[in-house]
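Take these sequences, add in the hints, and give me the full structure.
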Amino acid sequence: MILLNKDEKPQAEPGRRPHIAQWVRWLSVPIILGWLALTVVTNIVVPQIEVVGQQQSVPMTAMDAPSSVAMSTIGNTFHEFKSNTSVMIVLEGDQPLGDAAHQYYNEIVKKLEADKTHVEHIQDFWSDPLTAAGSQSADGKSAYVQAYLAGNMGEGLANESVEAVKSIVESVPAPPGIKAYVAGSSALINDTHIAGDRSLKIITGLTFGVITVMLLVVYRSIVTVLIALVMVFLELAAARGVVAFLGYHHLIGLSTFAVNLLVMVAIAAGTDYVIFLFGRYQEARSKGADKESAYYEMYHGTGHVIVGSGMTIAGALFCLHFTRSPMFQSMGVPLFVGMVVVVAAAMTLGPAVVTAASRFGLLEPKAASRERFWRRIGTAVVRWPGPILVATTFVCLIGLLALPGYRTDYNDRHYLPADIPASEGFAAAERHFPEARLSPELLMLQSDHDLRNSADFLVIDRVAKAIFHTPGIGRVQTITRPLGTPIEHSSIPFLLGMQGTTQTLNQSYMQDRMKDMLKMGDDMNVSIDQMTKMYDLLGQLNAVTHSMVGKMDLTLADIQTLRNHIADFDDFFRPLRNYFYWEPHCFDIPVCNSIRSVFDTLDGIDTMTDDFQLLVPDLHKLDLLTAQMRTLMPPMIDTMRSMRTMQLTLQSTQSGQQDQIAAMQDNQSAMGKAFDEAKNDDSFYLPPEAFDNPDFKRGMKMFLSPDGKAVRFIISHEGDPMSPEGLSHIDPIKNAAFEAIKGTPLEGSKIYLAGTAASFKDMQDSADYDLMIAGLAALCLIFIIMLIITRAVVASAVIVGTVALSLGTSFGLSVLIWQDLIGRPLHWMVMVMAIVILLAVGSDYNLLLVARLKEEIPAGLKTGIIRAMGGSGSVVTSAGLVFAVTMAAMAFSELTVIAQVGTTIGMGLLVDTLVIRSFMTPSIAALLGRWFWWPQRVRPRPVPSPWPNPAARAANTEPIPAQSRQ
1 MILLNKDEKP QAEPGRRPHI AQWVRWLSVP IILGWLALTV VTNIVVPQIE VVGQQQSVPM
61 TAMDAPSSVA MSTIGNTFHE FKSNTSVMIV LEGDQPLGDA AHQYYNEIVK KLEADKTHVE
121 HIQDFWSDPL TAAGSQSADG KSAYVQAYLA GNMGEGLANE SVEAVKSIVE SVPAPPGIKA
181 YVAGSSALIN DTHIAGDRSL KIITGLTFGV ITVMLLVVYR SIVTVLIALV MVFLELAAAR
241 GVVAFLGYHH LIGLSTFAVN LLVMVAIAAG TDYVIFLFGR YQEARSKGAD KESAYYEMYH
301 GTGHVIVGSG MTIAGALFCL HFTRSPMFQS MGVPLFVGMV VVVAAAMTLG PAVVTAASRF
361 GLLEPKAASR ERFWRRIGTA VVRWPGPILV ATTFVCLIGL LALPGYRTDY NDRHYLPADI
421 PASEGFAAAE RHFPEARLSP ELLMLQSDHD LRNSADFLVI DRVAKAIFHT PGIGRVQTIT
481 RPLGTPIEHS SIPFLLGMQG TTQTLNQSYM QDRMKDMLKM GDDMNVSIDQ MTKMYDLLGQ
541 LNAVTHSMVG KMDLTLADIQ TLRNHIADFD DFFRPLRNYF YWEPHCFDIP VCNSIRSVFD
601 TLDGIDTMTD DFQLLVPDLH KLDLLTAQMR TLMPPMIDTM RSMRTMQLTL QSTQSGQQDQ
661 IAAMQDNQSA MGKAFDEAKN DDSFYLPPEA FDNPDFKRGM KMFLSPDGKA VRFIISHEGD
721 PMSPEGLSHI DPIKNAAFEA IKGTPLEGSK IYLAGTAASF KDMQDSADYD LMIAGLAALC
781 LIFIIMLIIT RAVVASAVIV GTVALSLGTS FGLSVLIWQD LIGRPLHWMV MVMAIVILLA
841 VGSDYNLLLV ARLKEEIPAG LKTGIIRAMG GSGSVVTSAG LVFAVTMAAM AFSELTVIAQ
901 VGTTIGMGLL VDTLVIRSFM TPSIAALLGR WFWWPQRVRP RPVPSPWPNP AARAANTEPI
961 PAQSRQ
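Start counting the sequence shown at 1; every next residue gets the next number (UniProt numbering).
Hints should not be assumed to be uniformly reliable.
[What the hints assert, rightly or not] Capping the alpha-carbon separation at 25 Å, the derived lysine-lysine pairs in BS3-like fashion look like this:
| # | residue 1 | residue 2 |
| --- | --- | --- |
| 1 | 166 | 465 |
| 2 | 82 | 701 |
| 3 | 709 | 734 |
| 4 | 465 | 697 |
| 5 | 697 | 621 |
| 6 | 110 | 701 |
| 7 | 110 | 166 |
| 8 | 750 | 701 |
| 9 | 179 | 110 |
| 10 | 465 | 734 |
[What the hints assert, rightly or not] Distance windows between CB atoms, simulated:
| # | residue 1 | residue 2 | range |
| --- | --- | --- | --- |
| 11 | 250 | 690 | 52 to 58 Å |
| 12 | 117 | 427 | 26 to 32 Å |
| 13 | 69 | 95 | 39 to 45 Å |
| 14 | 95 | 48 | 14 to 20 Å |
| 15 | 217 | 372 | 14 to 20 Å |
| 16 | 695 | 525 | 51 to 57 Å |
| 17 | 739 | 250 | 32 to 38 Å |
| 18 | 37 | 223 | 23 to 29 Å |
| 19 | 739 | 694 | 44 to 50 Å |
| 20 | 698 | 69 | 28 to 34 Å |
| 21 | 695 | 453 | 17 to 23 Å |
No lab work stands behind these hints: they were computed from the structure.
C-beta: ideal position from N, C-alpha, C; glycine also.
Here is the structure:
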């Protein structure tokens with residue numbers, strides 16, 4: 001038997017029967033059928049939410065994030081790809097990879113290139129001898145190729161592309177001892193979806209099992225538990241169906257985390273609201289109310305709490321929609337819609353089920369009430385509010401003190417099972433390559449002019465060198481260092497050494513020429529002797545010529561005299577002569593012909609005289625020229641002697657120089673060899689003729705854009721690029737590149753940086769911003785909702801403040817457990833998701849307590865606190881424990897990040913239920929007194945009433961017969 005206090009009424013007042021409650025009660029059966037129909041239709045007409053989640057998955061990073069913009073710009077500039085999704089196909093052999101491995105590799109690459117739908121570009125280094133060593137391990141047992149795929153990382157198309165690549169790799173038969181893996185960030189994300197969907201079924205089943213056990217403990221009735229489970233299942237199925245419907249029709253985006261959290265939050269919130277409804281209904285029934293009055297008491301006491309709680313959770317979760325990260329943004333609307341569906345079901349389906357079940361005598365209280373226990377706690381709180389507040393604060397400090405040591409991790413591999421394909425691929429690569437080889441950064445330097453010249457290549461190598469010397473960077477590949485080290489033989493000392501080597505090769509030829517110079521000196525000496533003899537001969541020739549000229553003058557005079565005498569003779573013999581010329585038969589008469597010939601000879605004397613007259617001037621001129629020519633010979637002889645002397649001097653000098661050069665060149669090639677072996681990059685230079693080399697042109701196609709105005713760098717970290725240290729390298733890399741182009745022809749060039757660490761750096765920056773936006777928005781929204789419900793500024797502030805304290809405590813405890821005890825730092829997503837969800841759900845129980853306090857104010861502030869804790873303690877604790885255990889069930893997920901989120905939220909709910917709601921909030925209310933309800937005006941003590949007579953007191957404390965509860 002339950003005893004009633006004098007001011008606790010067993011019947012609900014007619015004025016407390018809202019119209020909505022009446023309509024729900026009248027239409028209970030159609031409402032139940034309507035929810036069944038909605039659940040069935042939404043789960044049949046569209047695929048299940050896991051399938052829709054994969055199809056409509058959102059990208060990991062925002063499209064306007066610097067890394068996304070950089071990756072898109074690089075792909076478009078090089079005409080290679082349009083998205084930021086890429087995978088690494090890793091080959092691993094038991095022995096060094098040979099021809100069979102190359103054939104296997106070539107077949108995979110051929111099939112990848114044929115799939116134009118899913119594969120946009122293949123960065124094939126291993127097939128090119130120029131870059132093959134850069135993509136093969138030092139032991140020769142492993143090699144890799146990078147494939148850029150369609151769809152942005154995390155999207156449905158990207159996941160489909162990753163699956164297509166896996167199918168291609170599996171379709172090619174591998175040679176014995178060789179295995180191929182598909183690894184990379186995109187493959188890891190794809191496997192995350194698979195593992196998340198796989199573990200979601202396990203978590204859901206486990207959650208329902210735990211909830212069943214806990215509800216059995218609370219209600220001690222299998223029928224009540226089954227009804228509660230059916231309601232929770234309908235709420236969950238309806239929420240899943242509605243969200244899947246919206247996602248299937250492209251109205252909202254989804255992600256693996258959104259799907260997992262939606263299921264868990266829907267189960268937990270749905271169970272909480274069922275407990276609120278059943279608890280208040282059974283409380284009223286246990287106090288003697290009939291079924292109808294208990295129904296309206298239930299609706300009046302919990303309706304505004306459920307709506308306020310649901311809208312708080314839904315609104316706070318919707319604040320995630322204002323974040324920049326697509327991962328967090330994708331949770332906002334789906335979780336909001338799911339919570340709205342759950343609240344709508346709790347406000348309609350829940351009361352309808354209570355109505356229908358009560359008609360069959362179900363849902364009656366079976367377990368003994370624990371109100372007395374909670375009233376004792378309430379009495380202790382109002383009696384010693386200060387010490388209890390201090391004690392609860394110290395309990396919270398356990399978690400708060402762990403917060404300063406908080407560290408995070410961005411490597412998803414650490415939060416995934418080791419047996420998933422992508423993790424196996426990473427493990428295979430790390431057996432042969434440095435840890436960061438499969439997660440490189442991609443930097444592009446874009447100029448306004450063609451970079452294919454020696455001067456700009458000096459700047460390119462300067463940039464590569466500056467990045468390489470940045471702390472934390474393990475390797476930089478670009479056109480000047482395709483294998484990660486400077487191109488062999490590209491140092492100035494080596495070029496100088498090569499010149500010396502050429503001189504060494506020419507030394508024997510130079511020595512032969514020195515011998516030729518000696519021979520030339522001897523030949524010149526012979527020439528000098530001959531010219532000296534010629535000079536003497538010319539002197540004799542000049543004397544003879546002079547004598548000849550004199551004699552020729554006399555001869556000419558004699559000839560002229562002879563001509564004159566012959567002319568006289570001819571004049572006298574002209575008549576006789578004419579006879580000989582006139583005689584027609586003179587040629588036949590020997591004497592006539594002979595005499596005629598004599599006369600012809602006499603005529604030739606005249607011609608000869610004329611010829612001699614012409615010859616004599618020339619002989620005079622020859623006489624002069626011979627003399628002049630002789631005068632020229634001495635200078636020529638002197639010049640020849642001088643030339644011979646200089647020739648011998650030159651030969652002697654050069655011969656000595658050749659000896660010196662030979663001595664200098666003995667170790668000249670050693671300097672270039674030393675620079676090559678040391679991989680020294682202080683004196684890089686490529687001569688212009690190198691740009692005409694066919695192999696080098698092929699290398700330029702890999703690292704320089706088709707127009708030659710952009711060059712890219714492939715950067716590998718020394719450690720884990722997804723660790724906080726790896727992310728801290730991003731800004732120094734950009735700064736190093738910027739500083740390296742200062743004062744060079746490339747100053748002012750655009751710098752783009754993409755890749756694994758760059759993407760997660762953007763996620764980190766976005767997460768910090770998102771936490772601030774979502775957290776502040778959620779706090780403001782919660783405060784406004786609390787203010788509307790409680791109409792008390794201080795009470796609303798206390799609720800928000802205690803929730804924030806609970807949040808810090810739970811997060812600190814999570815850091816203590818996961819990071820310090822287990823040794824696994826919290827994933828970077830845990831803080832945002834856990835904080836926003838804890839802000840949302842953590843205010844529920846405080847809200848229920850404060851709402852109950854508000855109802856009990858007429859009995860006095862302290863008495864009201866005791867009664868409120870007695871009336872709501874068991875229900876709120878049960879609901880909180882169920883919600884906490886539901887969240888904690890996510891610890892069994894294959895995704896450690898889901899486990900961390902679940903346990904963080906679970907611990908937060910435990911702290912909020914067992915510490916904040918049970919002790920801290922009521923102690924604060926007791927300490928503040930009437931100021932807790934400011935600006936409302938309340939009486940610390942109840943209004944005095946006439947003292948009842950003993951008969952009335954006996955009537956008020958009379959046991960209630962069992963039949964009066966019917």
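TODO: Given the hint of 14 to 20 Å, check if residue 95 and residue 48 actually sit that far apart at their C-beta atoms.
DONE: violated (46 Å)
TODO: With respect to the beta-carbon atoms only, verify the hint that residue 739 and residue 250 lie 32 to 38 Å apart.
DONE: Violated - the Cβ-Cβ distance for residue 739 and residue 250, about 46 Å, lies outside 32 to 38 Å.
Open item on the list: Holds or violated: residue 110 and residue 701, Cα atoms, limit 25 Å.
Closed with: holds (20 Å)
Open item on the list: With the threshold set at 25 Å, check whether the alpha-carbon distance from residue 179 to residue 110 stays at or below it.
Closed with: This hinted pair holds, its Cα atoms lying about 18 Å apart.
- [ ] Please test the hint of 39 to 45 Å on the beta carbon pair from residue 69 and residue 95.
- [x] Holds, at about 44 Å.
- [ ] Go ahead and decide if the range 28 to 34 Å is satisfied by the Cβ distance of residue 698 to residue 69.
- [x] holds (29 Å)
- [ ] Hint says 14 to 20 Å; check whether the CB-CB distance for residue 217 and residue 372 agrees.
- [x] With Cβ atoms ~18 Å apart, the hint holds.
Task: C-beta pair residue 739, residue 694: status relative to the range 44 to 50 Å that was hinted - done: The hint (44 to 50 Å, Cβ to Cβ) is violated, given that residue 739 and residue 694 are roughly 35 Å apart.
Open item on the list: Holds or violated: residue 465 and residue 697, Cα atoms, limit 25 Å.
Closed with: holds (22 Å)
Open item on the list: Checking one constraint from the list: CA of residue 82 to CA of residue 701, max 25 Å. Satisfied?
Closed with: holds (18 Å)
TODO: Given the hint that residue 110 pairs with residue 166, test it: the Cα-Cα distance must not exceed 25 Å.
DONE: holds (14 Å)
- [ ] Using the Cβ atoms, figure out if residue 695 sits within 17 to 23 Å of residue 453.
- [x] holds (18 Å)
In this structure, the hints that do not hold are numbers 1, 5, 14, 17, 19, in rising order.
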